[in-house]
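Peer 1: Let chain F serve as the given structure and place chain S on it in line with the hints.
From first to last, the protein sequence lines are chains F and S.
Numbering (the numbering used here) for the first sequence: 1 to 68.
Numbering (the numbering used here) for the second sequence: 1001 to 1140.
Please keep in mind that the hints were generated in silico from the structure rather than gathered at the bench.
The model shown is predicted, which means the values in this text are computed figures rather than measured ones.
Mixed in with the good hints there might be a few duds.
Said to hold, decoys possible - Partial chain F-side listing against chain S, Cβ under 8 Å, derived:
hint, residue
1, Asn24
2, Ser26
3, Gln28
4, Ser29
5, Ile33
6, Tyr38
7, Ser41
8, Leu51
9, Pro55
10, Ile59
Where a beta carbon is used, it is the ideal one built from N, C-alpha and C, also for glycine.
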Amino acid sequence: MENRLKELRAERGWSQAALGEHLNISRQSVNAIETGRYDPSLPLAFRIARLFDKPIEAIFDDGQAAAE
Amino acid sequence: MSATDQFAEITPKQAAKKYVSRVFGASLGYIGAVFGVSFLIDDGDPVTVFTIMAALLPGIFIVLMVLALWKYLSEMDEVARHDHSRALLIAAFTVLGLAGSWGLVELYNDAFPRIPVFFVYPAFFGVYGIVACMLYGRKA
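With the rest of the complex left out, here is chain F (with noise of 0.2 Å):
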């Protein structure tokens, strides 16, 4: 799944650690969803989501969108 989460994060002016420490989850832990490399559970989407005023969709794209 791909995601806008480090676009978000610099706009911010934010660095990886500080985002970790808004959604208390480690800065290699940002790294591994900023990357793709994992894929955040529901909650963990929704308090991304909140922390930057978006919804859900508009911060992680499944390929899905587009095709339906």
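Peer 2: Okay, now just chain S, sitting in the frame of chain F:
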């Protein structure tokens, strides 16, 4: 462990610190127990309830180390838990495969050395540690 654990008050750094302190304490207890039991029991001593109980004493600290890891798994964030769980499975399958295979070799070949079952524990944690570093430390 629930899907909402990552929202707990404890931070990843605090969880790691607590884990290290728990394991450090259990390790000190283990070393002390091994030295104590080695001092109390000699090779030629007869088997008694005392020697069996004393020999089990270091095992208590091994169980405490395993419980510390279990607690850490519940306190780490979900990404780390995912990687550590995979590392634990890989370690379990690797050690099960090796121990099972070696056991059969021992069973059918008297010339092969007997490896004490005790070594399953350090082998498991050795493989787990290496794999966890490889999985969680990788960039993408």
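Peer 1: Which numbered hints are broken by the structure, listed smallest first?
Peer 2: 8, 9, 10
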